[in-house]
Amino acid sequence: MSKYKLIMLRHGEGAWDKENRFCSWVDQKLNSERMEEAQNCGQQLKALNFEFGPVFTSILNRSILTAWLILEELGQERVSVESSWHFDECHYGALIGLNREQIVLNHGKEQVRLWRKSYNVTPPPIEESHPYYHEIYNDWRYKVCAIPLDQLPRSESLKDVLERLLPYWNERIAPEVLSGKTILMSAHGNSSQALLKHLEGISDEDIINITCPTGVPILLELDENLHAVGPHQFLGNQEAIQAAIKKVEDQGKVECNDK
Amino acid sequence: MSKYKLIMLRHGEGAWNKENRFCSWVDQKLNSEGMEEARNCGKQLKELNFEFDLVFTSILNRSIHTAWLILEELGQEWVPVESSWRLNERHYGALIGLNREQMALNHGEEQVRLWRRSYSVTPPPIEESHPYYHEIYNDRRYKVCDTPLDQLPRSESLKDVLERLLPYWNERIAPEVLSGKTILISAHGNSSRALLKHLEGISDEDIINITLPTGVPILLELDENLHAVGPHQFLGNQEAIQAAIKKVEDQGKVKRADK
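Protein chains in written order, with this note's numbering: chain W, 1 to 259; chain V, 1 to 259.
I should point out that these hints are in silico values taken from the structure, not numbers from a laboratory.
Accuracy of the hints is not assured; some may be wrong.
Stated by the list, open to error - Covered stretches of chain V (in silico footprint by chain W; criterion: 3 or more residues with CB under 8 Å from a CB of chain W, positions within the stretch not fixed):
1) 86-96
2) 182-192
What the hints assert, rightly or not - Below, simulated DSSO-like cross-link-like pairs (lysine-lysine); rule was C-alpha separation at most 30 Å, straight line:
3) V:K143 / W:K143
4) V:K46 / W:K143
5) V:K181 / W:K181
6) V:K181 / W:K143
7) V:K46 / W:K5
8) W:K29 / V:K3
We put the beta carbon where it would ideally sit given N, CA and C, even for glycine.
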């Protein structure tokens, strides 16, 4: 029996989305299209009369700005927003910033699909020589995390994402849900996936096929033990949602030029 | 000897500033000038290399948006923001929404100045018949405060503002300052003044003459007992700051049309 509801969502991408590059821990901004997506998301949640307790985000600005835009639409700017690295996108290691098309050409569709969509395959770790290494690890936000800088990931699989997210869910978020608050989580593709896997009990094999569209509120209803009482539901226009899912799935495919 | 620093500021303009109306607890948005003021404030703080640990705001969206815009300029969107009614602008009671010019013509500049600038004179309370009464008190944010709805103010003097602000300063903000955190307080004209009065030990008489410009970071240096070691300092271009102070002071004066 459904006792609690929570909303999670995957923010829209920024400039690198259009360039088909793995953004991951690089702190890209939302572009104007994605800001509008966030505003639409907020309007939908407002039409459904959602009143949020705390909001949880990652420490990447695109998830925070998405949350802010949604709160603004709702007129709920005063709701506390808590940001933690535990919700950061999956760390794509050495693949960060690389164009997916190029990686697919170099390594093949299947390897890229494995890296992107398998449960426990970890990409090669990011090295100090990587063009984005210092931009990431010199940022003060990673020096004030709950764990020391040198213990933060240099590469992750989806399994790794869940392992670092789960303590945060258990210690910070679950108690809020259990206290009856309606939680909003503004996260990323893989951090949302990881949490859905846990709450819905999705298998390692099946999680590969779960795609979260951007900017669509995902409703999850939970029982008194915080297990999902049914599959997650996308709120909004279903046709538009399916188109959004397909768009995200297509990102991994190579576009061949026909001559 | 200065041991701690904190930054406070008065948010920028909303639509009613231009119309010279007491905004108070009505949840007006910043206008584009006010947003620009906030961004400039953020840029200045960025130049001065401020790294905030925690931000406090009122539950009026204009103070929150100001904080968000500043954090965005700093690239510190992930810094926690806590919002409380205890940092709200002074409650102007029955005068809310009224045009200052009209009030000055009706009651005289001196009465209006007394209401605006004295320490303990309370304006007439807001009544249920007031056009903005329900807009304020029906909003859910006032149902989830630490004080029951019927005990929230219906009108305040500056003295009342300090009385409701001080417990929040003592219990929530001061401990954070004492723990060495760099704090930003994004507040309002009167809530900022009330706090400065307390921290700097300004007398009831002298506080009348303190004017805070909008969108200017105010630096306060405190000793180990959280008393100010010197007067507050406005950070930024001093000429622009003086012009901003004058702009605020002129708001209370009647403009006579010369024929």
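Against the structure, the hints come out as follows:
1. 86-96: violated (count 0)
2. 182-192: violated (count 0)
3. V:K143 / W:K143: Given pair K143 (chain V), K143 (chain W) is violated - Cα atoms ~37 Å apart, limit 30 Å.
4. V:K46 / W:K143: Holds - the C-alpha atoms of K143 (chain W) and K46 (chain V) are around 18 Å apart, at most 30 Å.
5. V:K181 / W:K181: At roughly 29 Å apart (the allowed maximum being 30 Å), K181 (chain W) and K181 (chain V) satisfy the hint.
6. V:K181 / W:K143: Given pair K181 (chain V), K143 (chain W) holds - Cα atoms ~14 Å apart, limit 30 Å.
7. V:K46 / W:K5: violated, 39 Å
8. W:K29 / V:K3: violated, 36 Å
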